[in-house]
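Engineer: Once you have looked at the hints, place chain B on chain X.
Protein chains: 2
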Amino acid sequence: MVTWKNLDEAQAYKVLPTLKKVEVKTEMAGQSGAERVGKYCLPMAGGLSYNFAAKAVNDDILAALSKLAEEMQLGEKFEALYNGEVINTGEKRRVLHHLTRGQLGNDVVADGVNKRTFYEDQRKAAGEFAAKVHRGEIVNEKGETFTTVVQIGIGGSDLGPRAIYLALENWAKANGTLKMQARFISNVDPDDAASVLKSIDLPRSLFVLVSKSGTTLETLTNETFVKNALRAAGLDPAKHMLAVTSETSPLASSSDYLAAFFMDDYIGGRYSSSSCVGGAILSLAFGEEIFARFLAGAAEEDKLAKIADPLKNPDMLDALIGVYERNVLGYPTTAVLPYSQALNRFPAHLQQLDMESNGKSVNRFGQPVSYVTGPVIFGEPGTNGQHSFYQLLHQGTDIVPLQFVGFRANQAGMDDTIQGSTSQQKLSANVAAQIMAFACGKEDADPNKSFAGNRPSSIIIGEQLTPEALGALLAHFENKVMFQGFLWNLNSFDQEGVQLGKVLAKRVLAHETDGALRAYSDLLAI
Amino acid sequence: MVTWKNLDEAQAYKVLPTLKKVEVKTEMAGQSGAERVGKYCLPMAGGLSYNFAAKAVNDDILAALSKLAEEMQLGEKFEALYNGEVINTGEKRRVLHHLTRGQLGNDVVADGVNKRTFYEDQRKAAGEFAAKVHRGEIVNEKGETFTTVVQIGIGGSDLGPRAIYLALENWAKANGTLKMQARFISNVDPDDAASVLKSIDLPRSLFVLVSKSGTTLETLTNETFVKNALRAAGLDPAKHMLAVTSETSPLASSSDYLAAFFMDDYIGGRYSSSSCVGGAILSLAFGEEIFARFLAGAAEEDKLAKIADPLKNPDMLDALIGVYERNVLGYPTTAVLPYSQALNRFPAHLQQLDMESNGKSVNRFGQPVSYVTGPVIFGEPGTNGQHSFYQLLHQGTDIVPLQFVGFRANQAGMDDTIQGSTSQQKLSANVAAQIMAFACGKEDADPNKSFAGNRPSSIIIGEQLTPEALGALLAHFENKVMFQGFLWNLNSFDQEGVQLGKVLAKRVLAHETDGALRAYSDLLAI
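Chains as they are written, first to last, in numbering that gives the first Met the number 0: chain X, 0 to 525; chain B, 0 to 525.
Chain X with its partners taken away, still in its complex shape:
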């Protein structure tokens, strides 16, 4: 039986501020630094490893964080979650995204259905549909094969699948497994859909409409926008569209779609990449096998998240260190810095995952908490960021904890040796250099050229960004955010903060406003 309690009720949490702070600068210098790099490293799935040598921790702090994990029952709470307890108490829902990629515990039966079987059946159905498209068994009005797939969705139906597609697009090209190009329409701004529609071969395009409820304003608007464009081109929308939705949504049994694949209320939008929300478009783009490899990487990482000892559990440890940085060291933001161009939209996905899950001020019982919760998350790929906002990270007045990601090999297999090193080596040399520059800094007689150091970072290192590695990376952050939600005693699986804006926007469109809202609406000529 688990006990849900606030972070500041934990004895182990009260100990943390009393422990001597770690000076990263000193710890990472000389032989001590080399030893930390070897010692403070945990294996992850997909050939990845989580290296936290440059974080502001030592054995004492890690021991205290272990006690905190135990006292806050992180392992037990995860167990309750994957065994199907109603963890999303606000909406009275189970939280079952782990079941989309594996079985971690007991069978979970809900609504009379084994949920693992349900998700797996949906994955297979989407995979088989994709295979038929690839084999030319599902074709357009003229009997031509489809070459492009366009996802229509927003938030969790967009950011995760988009980040994953972009992360594997060049890998798939290099490995001969890119079956269809993918595009995404998300914004209600009509210029978004217009731009995508102009860039594709419309008669040879399939559209995947993704909305769990079947009521998302942006998505339904864009669906109609696209259907109008299809009709205007003399095409039959019903021959170009499929739906990913819940079985109870109005879209589920409509004849407007070639096919429908299902998730349910137990899969939150931002956790839905490994459900058929990601599965339909990714199977169409890359083939069912590649999507299965992605899921296998995620499932392996989930298994690691079950390890009781936080010092052997990379997802739990990352969560604990993050809470230490946020609540004890007082850092308000975190930067995600992948040294891989393919991961260029991965920070935007993590931004949603983290900020929408843990950007909350009341605990799971609706009581205000008296400590800070989820940080602001931002990031861009290295080395681009180095020539942009790293100035502030190195010499600004605030300290920003950093999460690097790096790989030993590139994806496309195209590289040149220029001035004695390959581009990949230059890329990797830069991430290694940055970690040390942030950690140790450098004194200079000119204070404007001095670097204070003591900027903590961790790095996830892999051989190559493969489907397995990407799955592991995604699951790592999902699990990290989940464990942090447990520590802050939040419900990480609802998002009541998005409701008020929706209500007010409807009022504006109905012209039922007064005061400042009316004044803004007039200025915007609505």
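Be careful, since some hints might not be right.
One copy or any two copies: either way a pair holds, since identical chains are not told apart in the list.
Dumping the calculated SDA-like pairs for lysine to any residue here, alpha-carbon to alpha-carbon at most 20 Å [what the hints assert, rightly or not]:
#1 505 - 407
#2 197 - 182
#3 197 - 146
#4 441 - 31
#5 172 - 462
#6 501 - 416
#7 311 - 113
#8 226 - 214
#9 141 - 235
#10 238 - 124
#11 441 - 419
Quick caveat, the hints were computed from the structure, so don't treat them as lab data. Given the structure is predicted, the values throughout are model-derived calculations rather than measurements.
Structural biologist: Frame of chain X; chain B shown alone:
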């Protein structure tokens, strides 16, 4: 004669914390809110207006901020800057980017040259080159016209021009002025260049190599990468490449380029979009006239930045309010939220502009400051962000000031009325609704559904995102960041914080490392 002094030396700054704080929630409710929307609004160039009704200010605080502007001599410092004083004291350079788009004050003669004439000559040269390409007077080896232009550059040579190109691409398509498609290669990750090269018609592509110094590692590496690819395709790199650089750089007089256009040391990378760093690629993509219209918008905004009264100067006032939020109210981050898909990379450009300019801990004399300086900047387009990180903005434990941007009309001219409103109306209704939801919040019996409000925001509103509006928007933020640098007494025009990483990366590549740096290099197989 201006006197440079620290923010906390200003008497007017000491007054600010003593003033009664404004409760946005109260001020923005009812009739008072409607009045503020009308009153707290300043015209900008390009048909834009800056509306700060939902900021945590009132007439008292604005009066105090005006005094601060006067005491800190913001107007005089700007005047010194555009008249050519050496404002970038660290690097002993003038700061002349305003001259790339207009003459705000005295003639500035440096190195025996009138700088306005010099920049204008370079703009015209790039424009004439572009016109020759468009007219088919400059063609490839087979006599074919060029259809694609690819910028090779990083940081300021990438983010600004990229954001601007994307902002105008669909507008240009709709207005029949898209002459060539543009692509960008920035990252040293070889997958970046490989991906771009695979997506274009190489024989019909021009490459613009942009590096002021001619020594940027990433850019030179990608240049060689591209040249190798051109040669491998049987093409002559010298017939496909042009350079944008300084006259003293090794690239300036090389026969490896079809043409070279010049900026100089008085144009910082992140302020170079209006120089030929932006001018070459944007003239090729859209034609010289469109780039000139963009510059005209920026020049008009610059003129507004000269207005002595901060309450009539949108750039200066935005700067003052930002410093009030950062230093008096204590908010560590700022979100930029354009309700325009075309501005999807504009926040990334502002991230560099702001964080690289003012992410500093020592003043312009090299002395440590005892107050916080530049905030973390992040953002994504609305409505996408609403379905992502807005949860934290509404209900998180930290307050994040918000900068909205919205337009009355879309760019592509494609729109449908769906459920009684167009997509553009839905988009605009959402931004109006969000401002009010953030400002006023909503009480609910269920604390999980309560919104505390008091989240301050401003909005820049325009008719349409045209070249003029975009120029004004860019100049607004450049000038805002400049004025904030004056307030914090920083040198906003150097970036010493990027140096240490470069030095260490070279050591890694030369295998001249030990300790932790060696250990990381080994892990990354360098």
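Engineer: What are the numbers of the hints the structure violates, in ascending order?
Structural biologist: Of the numbered hints, 7 and 11 do not hold.
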